[in-house]
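Here is what each chain is made of, one letter per residue.
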Amino acid sequence: MSANKAARVGEEIWKGRIDKVNAELVTLTYGTIVAQLCKDFEADYVEVNKQLDRMGYNIGLRLIEDYLAKSNTMRRCSNFRETADMIAKVGFKIFLNITPTVTNWTSDSKQFSLVFEENPLADFVELPDDGRAQDELWYSNIFCGVLRGALEMVQMQVEAHFISDVLRGNDTTEMRVSLIRYIDDELPPEDD
Amino acid sequence: MGVLALIVINKAGGLIYNRTFSDGLNQLNTNDYLVLAGTFHGVHAITARIDPSRKLANAQHRQQAAANAGGAAVPNRPEPSSGLEVLESENFRLQCFNTLTGIKFLLFTDTLQANVDVAMRKVYDLYSDYVMKNPFYQLEMPIRCESFNRKLNSYIREVNNSR
Numbered sequence: 027m028s029a030n031k032a033a034r035v036g037e038e039i040w041k042g043r044i045d046k047v048n049a050e051l052v053t054l055t056y057g058t059i060v061a062q063l064c065k066d067f068e069a070d071y072v073e074v075n076k077q078l079d080r081m082g083y084n085i086g087l088r089l090i091e092d093y094l095a096k097s098n099t100m101r102r103c104s105n106f107r108e109t110a111d112m113i114a115k116v117g118f119k120i121f122l123n124i125t126p127t128v129t130n131w132t133s134d135s136k137q138f139s140l141v142f143e144e145n146p147l148a149d150f151v152e153l154p155d156d157g158r159a160q161d162e163l164w165y166s167n168i169f170c171g172v173l174r175g176a177l178e179m180v181q182m183q184v185e186a187h188f189i190s191d192v193l194r195g196n197d198t199t200e201m202r203v204s205l206i207r208y209i210d211d212e213l214p215p216e217d218d
Numbered sequence: 008m009g010v011l012a013l014i015v016i017n018k019a020g021g022l023i024y025n026r027t028f029s030d031g032l033n034q035l036n037t038n039d040y041l042v043l044a045g046t047f048h049g050v051h052a053i054t055a056r057i058d059p060s061r062k063l064a065n066a067q068h069r070q071q072a073a074a075n076a077g078g079a080a081v082p083n084r085p086e087p088s089s090g091l092e093v094l095e096s097e098n099f100r101l102q103c104f105n106t107l108t109g110i111k112f113l114l115f116t117d118t119l120q121a122n123v124d125v126a127m128r129k130v131y132d133l134y135s136d137y138v139m140k141n142p143f144y145q146l147e148m149p150i151r152c153e154s155f156n157r158k159l160n161s162y163i164r165e166v167n168n169s170r
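Those protein sequence lines, which keep their order, are chains A and B. Add 26 to the 1-based position in the first sequence for my numbering, that's all there is to it. Add 7 to the 1-based position in the second sequence for my numbering, that's all there is to it.
Bear in mind the hints are in silico, worked out from the structure with no lab data behind them. All values reported here derive from a predicted model rather than from experimental measurement. Incorrect hints may have been included.
What the hints assert, rightly or not - Residues from chain B that keep clear of chain A, each with C-beta distances beyond 10 Å, as calculated: (1) Gln34; (2) Ser96; (3) Met139; (4) Lys158; (5) Val166.
Stated by the list, open to error - Here are the computed lysine-lysine pairs in the BS3-like style, where the Cα-Cα straight-line distance is at most 27 Å: (6) B:Lys18 - A:Lys41; (7) A:Lys96 - B:Lys18; (8) A:Lys41 - B:Lys158; (9) A:Lys65 - B:Lys129; (10) A:Lys31 - A:Lys136; (11) A:Lys96 - B:Lys140; (12) A:Lys31 - B:Lys18; (13) B:Lys129 - B:Lys140; (14) A:Lys65 - A:Lys41; (15) B:Lys18 - A:Lys46; (16) A:Lys136 - B:Lys140; (17) A:Lys31 - B:Lys129; (18) A:Lys76 - B:Lys140; (19) A:Lys65 - B:Lys158; (20) B:Lys158 - A:Lys76; (21) A:Lys65 - A:Lys76.
Claimed, not checked - Here are some of the chain A residues that sit facing chain B, going by a computed Cβ distance under 8 Å: (22) Ile90; (23) Ala95; (24) Ser104.
Even glycine gets a Cβ: it sits at the ideal position worked out from N, Cα and C.
Full structure from sequences and hints, please.
This is the structure:
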């Protein structure tokens, strides 16, 4: 599916088939979770990142079915570039009504960036002023886990992490996604 | 008549749901359902591998991709062969929908039932809502979700009554 077509499909599903909730409810709920994690792990932000990623992973494992059912996807993406477009223009569109930009491809087409011009999770947020959160906490890290979980269910092993965040004072919010491998059916080891 | 039964098989070939939609239908015992699910899973895997036209399709796919990419090679992932989709006998028709995540929905209908595809999509829709979004449902495990049962029942009743 071409990028343009993906954008149209995303728009169509968003308009017609999605139950909407108040955006601030999402922002506040997510904010509460992150703040509570920071408290529970006593501001060990590396651990908080890990927990957010794990929570996202568990969401992704389930959310993928909703994505496939709603988008009526009948065939898998024929390459990773198409996958990237579908994530940005259909996935993020139908669940969050945002469309991050797909960019900075490596030449082997196995690694790209998602640049978030807007991020509903991060509205109203200012990171704690303890001199470490700005360097260690990836506030929206749950996204990385969601992508990892969702793609794993459709036989793609990926690695995703943020490399910049406007909350930390960077110019952009950018996530790096790399395809590690396609998990294609492997024959069970032969009995000897 | 109409839609008679639904079976859901997880990606490992385990039975996670089975249900008949009207009284007086022939039922297997639980063990037989489990065997049926496992066997179907195996047969499906075989049918996905014996497609004689498969090599050709893949070659075409690669060629076309190379042409599209115009030199800059994007590694391609060919469409897998679908495997068994419909099985029909004199009295019933079994349609199999294999999702991209590897779950199989088997819908048993009578041979005259139209629009099974539509019903199938709706069942998948209900599954993604009432099973996957139930936080206490454990992935890959048998489906015991009362709201899924209810929604499914009322949808199938609607389908069966509209004929």
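Hint check results:
Annotated as non-interface, glutamine 34 (chain B) keeps its C-beta farther than 10 Å from every C-beta of chain A; the closest such distance is 28 Å. For serine 96 (chain B), the condition that its CB be more than 10 Å from all CB atoms of chain A holds, with the nearest at approximately 26 Å. For methionine 139 (chain B), the non-interface assignment is contradicted: its Cβ lies about 4 Å from the closest Cβ of chain A, within the 10 Å cut-off. The non-interface label for lysine 158 (chain B) is consistent with chain A: the shortest C-beta to C-beta separation is roughly 13 Å, beyond 10 Å.
The claim that valine 166 (chain B) lies off the interface holds: its Cβ sits roughly 18 Å from the closest Cβ of chain A, which is beyond the 10 Å cut-off. Proximity of lysine 18 (chain B) to lysine 41 (chain A) is assessed by CA-CA distance (about 32 Å); at most 27 Å being required, the pair is judged violated. Under the criterion of a C-alpha separation no larger than 27 Å, the hint pairing lysine 96 (chain A) with lysine 18 (chain B) is consistent with the structure, at around 21 Å. With a C-alpha separation of about 24 Å, the suggested pair lysine 41 (chain A) and lysine 158 (chain B) falls inside the 27 Å cut-off, and the hint holds.
Between lysine 65 (chain A) and lysine 129 (chain B), the direct Cα distance comes to roughly 43 Å. Violation of the 27 Å bound is thereby established for this hinted pair. For the hint pairing lysine 31 (chain A) with lysine 136 (chain A), the CA-to-CA distance comes to about 22 Å; that is within 27 Å, so the pair holds. Simply put, lysine 96 (chain A) and lysine 140 (chain B) have alpha-carbon atoms about 14 Å apart, close enough for the 27 Å limit, and the pair holds. The straight-line distance between the Cα atoms of lysine 31 (chain A) and lysine 18 (chain B) is roughly 30 Å, outside the 27 Å bound, and the hint therefore fails.
A distance of roughly 16 Å separates the Cα atoms of lysine 129 (chain B) and lysine 140 (chain B); the hinted pair therefore holds under the 27 Å criterion. At roughly 38 Å between alpha-carbon atoms, lysine 65 (chain A) and lysine 41 (chain A) are farther apart than 27 Å, so this suggested pair is violated. For the suggested pair lysine 18 (chain B) and lysine 46 (chain A), the alpha carbons sit about 31 Å apart, so the restraint of at most 27 Å is broken. Restraint check: the Cα-Cα separation between lysine 136 (chain A) and lysine 140 (chain B) comes to about 31 Å, which exceeds 27 Å; the hinted pair is violated.
Under the criterion of a C-alpha separation no larger than 27 Å, the hint pairing lysine 31 (chain A) with lysine 129 (chain B) is consistent with the structure, at around 24 Å. Restraint check: the Cα-Cα separation between lysine 76 (chain A) and lysine 140 (chain B) comes to about 23 Å, which is no more than 27 Å; the hinted pair holds. Note on lysine 65 (chain A) and lysine 158 (chain B): the hinted pairing is violated, with a Cα-Cα distance of about 41 Å set against a maximum of 27 Å. Of the supplied pair hints, the one linking lysine 158 (chain B) and lysine 76 (chain A) is violated, its CA atoms being roughly 37 Å apart against a limit of 27 Å.
At most 27 Å may separate the alpha-carbon atoms for a hinted pair to count; lysine 65 (chain A) and lysine 76 (chain A) meet this at roughly 15 Å. With its C-beta approaching chain B no nearer than about 6 Å, isoleucine 90 (chain A) sits inside the 8 Å limit, and its interface hint holds. For alanine 95 (chain A), the suggested interface contact is upheld, since its CB lies about 4 Å from the closest CB of chain B, less than 8 Å. Using the Cβ-Cβ criterion of 8 Å, the hint placing serine 104 (chain A) at the interface with chain B is satisfied: the shortest such distance is roughly 6 Å.
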